[in-house]
Amino acid sequence: MSRVSKIISLSLAAAIGATVVYAQATQDELNAAVELRHANMKERGASVGVLAKMAQGETPYDAAAASAAAAALLATVSVDQTPFWLPGSENGMANDSFAAPAVWTNAADFEAKGAAMIAAAEAMNAAAGVDLAALQAALPAVGGSCGGCHELYKIPEN
Amino acid sequence: MGRLLRWLVVIALLAAGAGWFLTRPQTLPESTIAGLAGDPVHGRDVFNAAGCASCHSVPDVAVSDPPILAGGQEFNTDFGTFVAPNITPDPEHGIGAWTDLQIVTAIMRGVDDRGQHLYPAFPYGTYAKAAPQDMVDLVAYLRTLPPDATPSQPQAVSFPFSIRRAVGGWKLLFLSENWVLQDAPTPQLERGRYLVEALGHCGECHTPRNILGGPERSQWLAGAPNPDGEGRIPNITPGALTWSEADIVTYLSTGFTPDFDSAGGSMAGVVRNISQLPPEDITAIAAYLKAVPPIAAAATAPAG
Numbered sequence: 001m002s003r004v005s006k007i008i009s010l011s012l013a014a015a016i017g018a019t020v021v022y023a024q025a026t027q028d029e030l031n032a033a034v035e036l037r038h039a040n041m042k043e044r045g046a047s048v049g050v051l052a053k054m055a056q057g058e059t060p061y062d063a064a065a066a067s068a069a070a071a072a073l074l075a076t077v078s079v080d081q082t083p084f085w086l087p088g089s090e091n092g093m094a095n096d097s098f099a100a101p102a103v104w105t106n107a108a109d110f111e112a113k114g115a116a117m118i119a120a121a122e123a124m125n126a127a128a129g130v131d132l133a134a135l136q137a138a139l140p141a142v143g144g145s146c147g148g149c150h151e152l153y154k155i156p157e158n
Numbered sequence: 001m002g003r004l005l006r007w008l009v010v011i012a013l014l015a016a017g018a019g020w021f022l023t024r025p026q027t028l029p030e031s032t033i034a035g036l037a038g039d040p041v042h043g044r045d046v047f048n049a050a051g052c053a054s055c056h057s058v059p060d061v062a063v064s065d066p067p068i069l070a071g072g073q074e075f076n077t078d079f080g081t082f083v084a085p086n087i088t089p090d091p092e093h094g095i096g097a098w099t100d101l102q103i104v105t106a107i108m109r110g111v112d113d114r115g116q117h118l119y120p121a122f123p124y125g126t127y128a129k130a131a132p133q134d135m136v137d138l139v140a141y142l143r144t145l146p147p148d149a150t151p152s153q154p155q156a157v158s159f160p161f162s163i164r165r166a167v168g169g170w171k172l173l174f175l176s177e178n179w180v181l182q183d184a185p186t187p188q189l190e191r192g193r194y195l196v197e198a199l200g201h202c203g204e205c206h207t208p209r210n211i212l213g214g215p216e217r218s219q220w221l222a223g224a225p226n227p228d229g230e231g232r233i234p235n236i237t238p239g240a241l242t243w244s245e246a247d248i249v250t251y252l253s254t255g256f257t258p259d260f261d262s263a264g265g266s267m268a269g270v271v272r273n274i275s276q277l278p279p280e281d282i283t284a285i286a287a288y289l290k291a292v293p294p295i296a297a298a299a300t301a302p303a304g
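Heads up: the sequence lines are chains G and Z, in that order.
Position 140 of the first sequence, counting from 1, maps to 140 under the numbering used here, and the rest follow consecutively.
Position 61 of the second sequence, counting from 1, maps to 61 under the numbering used here, and the rest follow consecutively.
Please note that the accuracy of each hint is not assured.
Covered stretches of chain Z, going by a simulated chain G footprint (3 or more residues, C-beta under 8 Å) [to be verified]:
#1 100 to 106
#2 231 to 243
#3 266 to 272
Derived DSBU-like pairs: lysine-lysine, alpha-carbon spacing no greater than 30 Å straight-line [as the list claims (entries may be wrong)]:
#4 G:K53 / Z:K290
#5 G:K42 / Z:K129
#6 G:K53 / G:K113
Simulated coverage check for chain G against chain Z, where a stretch passes if three residues somewhere in it have a Cβ under 8 Å from a Cβ of chain Z [what the hints assert, rightly or not]:
#7 49 to 61
#8 138 to 150
What the hints contain is simulated information worked out from the structure, not anything from laboratory work.
Backbone N, C-alpha and C define an ideal beta-carbon position, used for all residues, glycine too.
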């Protein structure tokens, strides 16, 4: 076996090995991934809730609280999500999963949606502490990126 | 004996003739829209309330302003795959050459410009309750949108549903001008009923269907399998939906649920349309949803 073909064989073996390991996420691991992403989504919702209630006049505008919520949102959407989206954890394959298979089949677009969410959270982080008008102006992009991703990648819950 | 047989043949022929007559595509008379002038500005509200863009806009383009209604989205159902057609003003591939009455007839009676039945994936069964003035306004708005020369795709419907005449039978059974909520004692409830039952066609997804694909009116808005595939469309009667009217208004205006989850699937597009309506219309929808007969969550199939 030539040196080149040996390298190729070894790489192939490694790739196959990696695939096998990758595919071998246990049911518990898949369920845990769903729980991780649900916890993260709930944190996002809590921060968005603080901001949206101020935007809608349901609670009085408070620059410090708004800034804190926007910073928390930015942190929550920016965490490494690799452990959340284990292949094989779509709806029907893991407990309480509402993820559409398209999360994995349209991975590039799914990641672009995540990047859009981060961009909207960054803009909110810059705006929330300025004044109510700035917060209100930044909110539709945040809501739009939540909905933009859910439209394609989350199936109806009940 | 020969005489009896002859009578049977005559009766069978008469029955077939009656069936043929009853299932014929029925167009609207000119008087439906005679004297009505279309207002494209109000037509845009009708367009958003009726959710036309959700199905007729080109695939994978969630938002465009103005909307490009060139069709092409596919809907996989038990009856086959329906493909939304081009409804832009293009005279060849769209509906630019249709008369106002032909377009209104398609929307309210499911009959195209050639007098052929359209499949009820197009919710004319609910648009049948629309106000002719609204339809004329809608047509005026549609005529302002950009033309697009993308040809409409054929419907991929399996036998026996491929026999268009059978759609006439479906219409006899399910095209109804009767309200589900018969009692709407306030103008607000009347408006909400109109928006939900006629224009919004909410029941197309939120009401379960029978074996012929018609709505189970006794299970109005009680939830159903997701026509797009996995999951279930929720029960939104007061038997299951515990949100306040204000919660429903916020959801339809922003997409946010009371715990700040956000609308997903096809509902994201519905929110995009409804959120553009005048606020009093959104409030009327919420009031209506609180007034429909409650159907207990347990009465529907378990979550899938």
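**Item:** Non-conforming hints, listed in increasing numerical order
**Value:** Numbers 1 and 5 - these are the hints that the structure violates, sorted from lowest upward.
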